[in-house]
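J.: Given these sequences and hints, build the entire structure.
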Amino acid sequence: MNSPIPITETPKWLQEINASNINSIQFDIKQILKDSLFYPSAGYDGNPIKYFAGSVHSFIYIDYSVERDWLLKNFKYKIIARRAVTEKELAPNGWDRSFDKSLGNPEKFIEIIAKPYCEWIIFQIGELKLSLLYMCADGVATYQALYVKNAIAPKVLAFIQPGTIHGNWTDFTNPQSILAKIVNSNPGGLPEYLINGGFYQRKGDRLLHKQPCWPNYEQLVATLMKTPLFDNLYARLFRGKIVLWKESSDVGDAADLLKAPSEVHEKYLINNRKHLKVKQWHNLYSLMTNGEKLSFIPNPLIFEHCVGAKGISKEDTFGWHLNWAKRHKKLDIVQNYLEKLSENDWEH
1 MNSPIPITET
11 PKWLQEINAS
21 NINSIQFDIK
31 QILKDSLFYP
41 SAGYDGNPIK
51 YFAGSVHSFI
61 YIDYSVERDW
71 LLKNFKYKII
81 ARRAVTEKEL
91 APNGWDRSFD
101 KSLGNPEKFI
111 EIIAKPYCEW
121 IIFQIGELKL
131 SLLYMCADGV
141 ATYQALYVKN
151 AIAPKVLAFI
161 QPGTIHGNWT
171 DFTNPQSILA
181 KIVNSNPGGL
191 PEYLINGGFY
201 QRKGDRLLHK
211 QPCWPNYEQL
221 VATLMKTPLF
231 DNLYARLFRG
241 KIVLWKESSD
251 VGDAADLLKA
261 PSEVHEKYLI
271 NNRKHLKVKQ
281 WHNLYSLMTN
291 GEKLSFIPNP
301 LIFEHCVGAK
311 GISKEDTFGW
321 HLNWAKRHKK
331 LDIVQNYLEK
341 LSENDWEH
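The UniProt record's numbering puts the first residue of the sequence shown at 1, with every later residue one more than the last.
In case anyone wonders, no lab produced these hints; they're calculated from the structure.
Watch out, some of these pointers could steer you wrong.
In silico lysine-lysine, DSS-like type, Cα no more than 25 angstroms apart, as pairs [what the hints assert, rightly or not]:
| id | residue 1 | residue 2 |
| --- | --- | --- |
| 1 | Lys279 | Lys267 |
| 2 | Lys326 | Lys246 |
| 3 | Lys155 | Lys241 |
| 4 | Lys330 | Lys246 |
| 5 | Lys279 | Lys326 |
| 6 | Lys30 | Lys88 |
| 7 | Lys329 | Lys267 |
| 8 | Lys76 | Lys115 |
| 9 | Lys314 | Lys340 |
| 10 | Lys149 | Lys246 |
| 11 | Lys274 | Lys181 |
| 12 | Lys274 | Lys314 |
| 13 | Lys73 | Lys115 |
| 14 | Lys155 | Lys181 |
| 15 | Lys34 | Lys246 |
| 16 | Lys210 | Lys314 |
| 17 | Lys155 | Lys12 |
| 18 | Lys246 | Lys155 |
| 19 | Lys326 | Lys259 |
T.: Listed below in structure tokens is the structure:
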């Protein structure tokens, strides 16, 4: 397999599973979580398996709109063994179903939720033996109940156009979302990698999908093509990309990375100024990034041209930019530029 991250050996627990013993062996959720790929709002997307099989051996897909019968009927790889998994096996200590509804309402899309289930599939690609745990469940609750409760972080976290088809009660790509807060609070640490991207469906998606969505993932690893999808309703072929980012372990807490440095905040973010107007902001962005097309901070033009840019706020993004400039020793560029601006160049 041509994975963009190192290939690893198949874990022993996976090597030993077959059709004759899958119902009798003890289901160990901690083994399945270790070094896994977690994909909330996964739908029917096989790209993470296609690109990361061999580097990842355990895939955990979450989507509350995919029915079990559809999954089994359309699964394209050779199934070696499978069985249903109970809620008690997944989370012996129970699920935390309480949410801060100021961050989103988990019942917003309850009408499209399929009957809950968890299917464990052991499958094969060539000589590779892999595990898929597919759950009809909520992504936030699942991460809390599985990863946080067990103090384990997945190797890879995937956000590939979440909620585009059936909607989502929270925006996973927003670094201030409830999922981001839960991921960052995990005593088991952060995922090593984050995938972001999707199809070019909406205005500005080409711009939106080539930049990081969380500030503690700014090391570009690879840009990968999404498998094209033909939409029969619109008679249109959709193409797209996904981008793999590596966690920057030296940058600090994610929430702090969205805050403007005090020396900038105290001098320039005064008189109710929130951020620069987009034109002036983009000029500053170009100076900071030397005009690179694939940047390591969001391009402010997303707020003008990207229909999907509804997650992170302009204020948080501006703070992210200023913080990034300080960490990369470019704060003098920022300050020299801001000195030349007038009050009319700011949004209040």
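J.: Which earlier hints turn out false for this structure, listed by number in ascending order?
T.: No hint contradicted; all consistent.
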